[in-house]
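Engineer: Take a look at the letters that make up each chain.
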Amino acid sequence: MTATTETLVPFDEVVAAYDPALGLEIHVELNTNTKMFCGCPATFGGEPNTQVCPTCLGLPGAMPVVNGKAVESAIRIGLALNCEIAEWCRFARKNYFYPDMPKNFQTSQYDEPIAFEGYLDVDVEGETFRIEIERAHMEEDTGKSSHVGGTAGRIHGADYSLVDYNRAGIPLIEIVTKPILGTGAKAPLVAKAYVSAIRDLIVALGVSDARMDQGSIRADVNLSLAPKGSGALGTRSETKNVNSLRSVERAVRYEMARHAGILAAGGSVLQETRHFHENDGTTSSGREKSDAEDYRYFPEPDLVPVAPSREWVEELRATLPENPAARRTRLQAEWGFSDLEMRDTVGAGALELVEQTIAAGAAPQAARKWWLTELARRANDTGVELSELGVTPAQVAEVQALVDAKTINDKLARQVFDGLLAGEGTPEEIIAARGLAVVSDEGALSAAVDKAIAENPAIADKIRDGKVAAAGALIGAVMKEMRGQADAGRVRELVLEKLG
Amino acid sequence: MSEQLIHKTAAELADALAAGETTSVELTQAHLDRIAAVDAGVHAFLHVDAEGALAQAAESDARRAAGEARHLLDGVPIAVKDVLATQGLPTTCGSKILEGWVPPYDATVVRRIKDAGLPILGKTNMDEFAMGSSTEHSAYGPTRNPWDQTRIPGGSGGGSAAAVAAFEAPLALGTDTGGSIRQPGAVTGTVGVKPTYGGVSRYGLVALANSLDQVGPVTRTVLDSALLHELIGGHDPLDSTSVDAPVGAYVEAARQGATGDLAGLRVGVIKELAGDGWQAGVMARFAETVELLEKLGAEVTEISCPTFVHAMATYYLILPAECSSNLAKFDAMRYGLRVVPEGDPSAEAVMRATRDAGFGDEVKRRIMIGTYALSSGYYDAYYGQAQKVRTLISRDFAAAFESVDVLVSPTSPTTAFPLGEKLDDPLAMYLQDLATIPANLAGVPGISVPAGLADEDGLPVGFQVLAPALADERLYRVGAAVEAALTSRWGGPILAKAPNLEGPR
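The listed protein sequences correspond, in order, to chains W and E. Per the working numbering, the first sequence starts with residue 1, numbered consecutively. Per the working numbering, the second sequence starts with residue 1001, numbered consecutively.
No wet-lab data here; the hints were simulated from the structure.
Just so you have them, the derived chain E footprint on chain W, three or more residues with Cβ under 8 Å:
| id | stretch |
| --- | --- |
| 1 | 57-70 |
| 2 | 90-103 |
| 3 | 301-311 |
Yeah, the Cβ is synthetic: ideal placement off N, Cα and C, and Gly gets one too.
Bound conformation, chain W alone:
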């Protein structure tokens, strides 16, 4: 399945020889109560085909009616992306045959999107990139196919296929960028930062569950390469349904290497859709949709135009959350973070998490420390986003409170996180079950210090001579004796007391 025959060019060589051009299409599933064109529930996770009606099943004779709440969400997204909002726009039919398309056309928007001509600024390693938004338009989702048997869950070769139409008709907003140029070696990071920024915006607007793992935000990544400095645009590939931030970065990186391999060999890139493979970070040709499609768009005759009044648009503008850039500036000042700390926090996708952890009672630096070191490492190890790791800001704040209370120390806290990730209960329960509490029994601690002094007479002498720096070795010995369950500060005090 994976294309093993591709010639991949090392990344440094790619960016030395080519200018990448990015284009991102992001589908956002709205969290409206009902579907885009009917009254069926739009909730995720129902038994298959229980949230359907004649309209979303495409039964003969059934007709669509536009969900006003979805239009409202679309306008708010458009405004947050600094877009113009159409005074008058229509839906269009995108005609193509596919078994999970109830009508064999998708009701979408074509040349008259609800929002157009906007931008979003993203920061990557201290550099700001302005991503120009071409359009944000409304459409309906398709049903969801499951292909059983055969190879790799594809329709070709499957023994049979099942279609769940619960998803058919869920409102989607598709956000399309203009070509993103001038990103050079930062192209993979810019792509990731953009998707991350869109996700943060969607979360702030409250218009979607914004769960990439459940497909409520899906990114299609377009990439092309042109000879460095040529100013041209090369032939692009479109990698569909890239479903995590990390995958966005990897997909861009892989496609850059693959395109460069083709171009360097004198070949030409095929304009096609590609599938991304999470397991090895590669892409492969999406053959079933690689035919040049003519969607035969025309205005949907069953719907009347959408004409949002300017008054309504301004009312919605007033409901917009704080601009993300302004918010970052405000939070940095409130938290007292350095530029580097703030950049790292944003870059790790930890801004919301840190904010929520602070809101739950932790000190800003403590909140930052846990998310950007201990938890970031674990997320990286398991290949998931911080927000998807399974530890909540409230839990982090609770762990820090226990550290502050000297019930545990930083080292024990790491074991508490292990317990949290293993689903062993609350931090308190984990400490009790694993016996992690710091020993506060002065007698036991004092005995351990005495033992360490007795076993390390040379070091003890140095400390007696005033070489306080040598205390570290004794503290280490005590901590080892106590299996880490001691307050290192108190051990130090005891060592110095006894040898002072």
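Starting from the structure of chain W, add chain E where the hints point.
Structural biologist: Frame of chain W; chain E shown alone:
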């Protein structure tokens, strides 16, 4: 007794029910008996629901006995064109591809007639997916004209018109995309109304061309159409294109028109709808009817609508474009016919085989034309251009209605032609709708009322009245005036001159 019942108009039946002179069960049974007696020849029905109709009739009688009749027409039976979804009753649209499909829901108009208590006799025959002017394109065989069973009953709604003309039903529902209510009305000597676009809900109407389709009444009298129109009309939240305005006073307009006073009414005769290809007997009856209007006090002038000559070409781009997309849903995946080719076919192969076997030639022809017209590189030249001409046609109507209250023309260029005559000549078939299509393109309402019999063949001629959008009352006023005057001149309804299908009366 039943012979007398089936010849009554719906309004008369409603009065008889109200007066306790008959019951819904009795008159529903009378119509079922008539269907059993004549429909083997006429073939107006694709499906007769005797059991369901009688059950609804019994419920109606119980309501009426309890003093709880829901509507004037409660208990008066009705036939429904097979393009409207009926919960629990097969709905085929005259196509093999929907054979056996039983909708799980009712079209809004069906829901409204059920709620009002009208027993549904069955589903009427039609050209496949309403594509045709003769009902010969039905996959289940043609309907025959009760006036001459070797001739066509018009189309696509030949089944509804023939059912009413043959006294198999007092009322029927039809749909009109380019004349499918009015032209069958004309050639069967019945009344058919295409309401203003948006005046009647399309929810549950299996779309031919969404921007042109309208549901409307098919009856023997103008008053009956008005009664039915008031029942089915009005805003429907399930149809975004339905007009959110009160239903007009159609019954009142029909009663007022029947008094025969058209003083001050300004009538425009459409200049472009006459000439070569228009049957002499049709033009003669039309001219007499125009004279009649003048006698009733109307001011008649000739009006030119120059873009109407392009209506046919415009229509045959817009309609196929919309229907090529509408019919894509018939893919064997969820309902209807499924043809599975030999071997281990892909989903795509099943779709292809099913559509190949399930659609008739006229349907395939229009899918191909429409697919072509919407294709990248051709859209602007065909679909885009057609939409511009459509706007010009609307402007011609608007300009005309600045100087006249209604426009008139013959409904159809000819009387009923022999079965099979135009089957191999699609263009000749399309020309049947020359006079009816402009109203669909502009969304304005139209009615066809009987104007008499053509001298050369003794077959019915239709007189069409067109009014501005949302001025449907004018159709009823003028239609009822014409009907009253002509019925009086003939000494009875035109259908009294139709052959007796059951032997001596």
